[in-house]
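Chemist: Build the full structure now, drawing on both the sequences and the hints.
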Amino acid sequence: MAEIRTEDMVLNMGPQHPSTHGVLRLQLTLEGEIVIDVKPYIGYLHRCFEKHTEAMTYPQVIPYADRMDYVNAMSNELSYVIAVEKLMGIEVPERVEYIRVIMSELQRLASHLLAIGTYGNDAGAFTPFLYCMATRERVLELFEITCGARLLYNYFWVGGLSHDIPVNFQKKVKEFVEFFKPKVSELNNLLSFNKIFIERTANIGILPADYAINAGAAGPVLRGSGIKFDLRKNDPYSIYPKFDFDIPVGQGLKGTVGDNWDRYMVRIHEMEESIKIIEQAIDNIPEGDVQSQIPKRVKPPVGEVYARTETPKGELGYYIISDGSLNPYRVKARSPSFCNLSLIRALSKGYMIADVVMTLGSLDIVLGCIDR
Amino acid sequence: MGILNKLDTHIEQFESGNIIITSADKLLNWGRLSSMWQMFFGLACCAIEMMATSASHYDLDRFGIIPRPSPRHIDIILISGTVTLKMATRIKRLWEQMPEPKYCLSMGSCANCGGPYWEHGYHVLKGVDRIIPVDVYVPGCPPRPEALLEGLLKLQEKIRNQSLARKTN
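Each protein sequence line maps, in turn, to chains P and L.
Quick note on this note's numbering: the first sequence kicks off at 1 and runs consecutively.
Quick note on this note's numbering: the second sequence kicks off at 1001 and runs consecutively.
Take the hints with a grain of salt, since some may be wrong.
[Stated by the list, open to error] Derived pair list, reagent style DSS-like, types lysine-lysine, alpha-carbon separation capped at 30 angstroms:
no.: 1; chain 1: L; residue 1: Lys1086; chain 2: P; residue 2: Lys349
no.: 2; chain 1: L; residue 1: Lys1026; chain 2: P; residue 2: Lys51
no.: 3; chain 1: L; residue 1: Lys1086; chain 2: P; residue 2: Lys51
no.: 4; chain 1: L; residue 1: Lys1102; chain 2: P; residue 2: Lys332
no.: 5; chain 1: L; residue 1: Lys1102; chain 2: L; residue 2: Lys1092
no.: 6; chain 1: P; residue 1: Lys39; chain 2: L; residue 2: Lys1086
no.: 7; chain 1: P; residue 1: Lys276; chain 2: P; residue 2: Lys181
no.: 8; chain 1: P; residue 1: Lys296; chain 2: P; residue 2: Lys276
no.: 9; chain 1: L; residue 1: Lys1092; chain 2: P; residue 2: Lys39
no.: 10; chain 1: P; residue 1: Lys172; chain 2: P; residue 2: Lys233
no.: 11; chain 1: P; residue 1: Lys233; chain 2: P; residue 2: Lys174
no.: 12; chain 1: P; residue 1: Lys254; chain 2: P; residue 2: Lys181
no.: 13; chain 1: L; residue 1: Lys1158; chain 2: L; residue 2: Lys1026
no.: 14; chain 1: P; residue 1: Lys332; chain 2: L; residue 2: Lys1126
no.: 15; chain 1: L; residue 1: Lys1026; chain 2: L; residue 2: Lys1102
no.: 16; chain 1: L; residue 1: Lys1092; chain 2: P; residue 2: Lys51
[What the hints assert, rightly or not] So the derived list for chain P, only partly shown, Cβ under 10 angstroms to chain L, looks like this:
no.: 17; residue: Pro40
no.: 18; residue: His52
no.: 19; residue: Asp66
no.: 20; residue: Leu130
no.: 21; residue: Cys132
no.: 22; residue: Ala149
no.: 23; residue: Leu152
For the record, the hints were derived by calculation from the structure and aren't laboratory data.
Quantities reported herein were computed from a predicted structural model and do not represent experimental measurements.
No residue lacks a Cβ here, since even glycine has one placed at the ideal position from N, Cα and C.
Modeler: Written out as structure tokens, the structure is:
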């Protein structure tokens, strides 16, 4: 039989596509159903964050930091205010630290719930999405009674918080913790150990540990490959050393270490750990002020600083250069989603076209954080 | 006769119950406003609120608003978030691919006018109405799901008052 002449097919996925989690364009080169190359094109949501900061005063940057990674706004604020506080040498009251930790961990729950829900949606399971969003509403309720906003809060300020927690906050959080505990096993029954879901995710998109480190992967993507690295433990900030919690890592329970299912499962376990931290913190919030004594005009001395925190997506760092004026001279954000997205090429090569969607979902990217 | 009640006025029903007479406008508008399929399409922060609105807690399905992935299936495009210059040409193309009659709802300050990126956002389009016609603007950064629902109800109201006949000047 004569040789059949074949040609590679180039397919565009996005920027309007239900599974690209925003406005991302992937250029896929295909050989039949097999992906031989993936090229991500970004910039569809470039909102000029870094240029904006040069025109804003230090506190004015916080709302823009919110809008960077909009599904975990609290963690973004935390990272930024910690950087500015480090630059100015401010010590914040212990009450503030406790509230910040509780808020960040609640935000981690909200972010992971969204990630898991949309991941199920990518696999074609719509029901887990509805369950996750219903649970997520309960978290947003807590944010709403605290600072009035559901999504973008502007709650952490330099040197403290915008205002104190409401009187019934502790009671409400405890109610939520009790409500949330059975939800994890519910989610496991619904999605995690579903045969179809495991078939779609296990042994697909395997990320070896050494490659993950070299590519600068962070967060659940790095931990999914079996590396126990979490900034809350390895480079502690705020009052995280006070709490007792584990760092879940991928174990290759259903396939190989570092596959999509492992990355997904790390998020499920992290939610349990976050609940642990909230439980330890909620009863021990000390009395006191929620704003430390800082000058009204935030004016850090000349210098530069890099502060990093562990957001639900991974390591988020802010590098700030101050020239001694009211506006930062330069703010550079090291976003976890950007580094994680760069893995998509290595993870998708050789797999089927439907697996690209699952791999992309397991990286849990947010385009606001990538394009900034 | 739940459906007939929704058609409100201009209905005449015969005794057998199988024949009803109403105006073409009423019937068409009723059909259009009760199945406004929207695009499965999110741009930025507002998209998360849009997802929250269409999920279990607020449930857009009860208004007949179902997300569809292709622009050729849809009646209404929700511009949910910041429109950058790079995205603007794509949105225009999506709008042109939609079949008539089509409607646009601009959600959030960014899509309305550029929002917080109005002054220094060199890559942000200052309002999606510069490229496509907008029917309803929903303010907020981001708007609450209730606000989005109100905007969609306003759009339904707008569709309810449409007419096939050309207006005389």
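Chemist: Take the hints in turn and mark each one as holding or not.
Modeler: Hint-by-hint comparison with the structure:
About 28 angstroms separates the Cα atoms of lysine 1086 of chain L and lysine 349 of chain P, which keeps this hinted pair within 30 angstroms; it holds. For the proposed pair lysine 1026 of chain L and lysine 51 of chain P, the alpha carbon gap of about 52 angstroms is over 30 angstroms, so the pair is violated. Proximity of lysine 1086 of chain L to lysine 51 of chain P is assessed by CA-CA distance (about 18 angstroms); at most 30 angstroms being required, the pair is judged to hold. Note on lysine 1102 of chain L and lysine 332 of chain P: the hinted pairing is violated, with a Cα-Cα distance of about 42 angstroms set against a maximum of 30 angstroms.
In summary, the hint linking lysine 1102 of chain L to lysine 1092 of chain L is supported, as the alpha carbons are separated by about 13 angstroms, within the 30 angstroms threshold. Proximity of lysine 39 of chain P to lysine 1086 of chain L is assessed by CA-CA distance (about 18 angstroms); at most 30 angstroms being required, the pair is judged to hold. Straight-line distance between C-alpha atoms of lysine 276 of chain P and lysine 181 of chain P comes to about 10 angstroms, which keeps the hinted pair within the 30 angstroms bound. With a C-alpha separation of about 36 angstroms, the suggested pair lysine 296 of chain P and lysine 276 of chain P falls outside the 30 angstroms cut-off, and the hint is violated.
The hinted pair formed by lysine 1092 of chain L and lysine 39 of chain P meets the criterion: a straight-line CA distance of about 24 angstroms does not exceed 30 angstroms. Pair hint lysine 172 of chain P plus lysine 233 of chain P holds up; C-alpha atoms about 28 angstroms apart against a cutoff of 30 angstroms. Distance hint between lysine 233 of chain P and lysine 174 of chain P is fulfilled; the C-alpha atoms sit about 25 angstroms from each other, no more than 30 angstroms. A C-alpha spacing of about 24 angstroms is found between lysine 254 of chain P and lysine 181 of chain P, which places the hinted pair at or below 30 angstroms, so the restraint holds.
For the hint pairing lysine 1158 of chain L with lysine 1026 of chain L, the CA-to-CA distance comes to about 13 angstroms; that is within 30 angstroms, so the pair holds. The hinted pair formed by lysine 332 of chain P and lysine 1126 of chain L meets the criterion: a straight-line CA distance of about 25 angstroms does not exceed 30 angstroms. Of the supplied pair hints, the one linking lysine 1026 of chain L and lysine 1102 of chain L holds, its CA atoms being roughly 18 angstroms apart against a limit of 30 angstroms. Of the supplied pair hints, the one linking lysine 1092 of chain L and lysine 51 of chain P holds, its CA atoms being roughly 27 angstroms apart against a limit of 30 angstroms.
Checking proline 40 of chain P against chain L by beta carbon gives a least distance of about 14 angstroms; that is not within 10 angstroms, so the hint is violated. With a cut of 10 angstroms, the hint placing histidine 52 of chain P at the interface with chain L holds, because the nearest CB-to-CB distance is about 5 angstroms. With its C-beta approaching chain L no nearer than about 8 angstroms, aspartate 66 of chain P sits inside the 10 angstroms limit, and its interface hint holds. Given the 10 angstroms rule on beta carbons, the hint for leucine 130 of chain P holds: about 4 angstroms separates it from the nearest Cβ of chain L.
With a least beta-carbon distance of about 8 angstroms to chain L, the hint placing cysteine 132 of chain P at the interface is held under the 10 angstroms criterion. For alanine 149 of chain P, the interface hint holds, since its Cβ comes within 10 angstroms of a Cβ in chain L; the closest pair sits about 9 angstroms apart. Because the beta carbon of leucine 152 of chain P sits about 6 angstroms from the nearest beta carbon in chain L, less than 10 angstroms, this interface hint is met.
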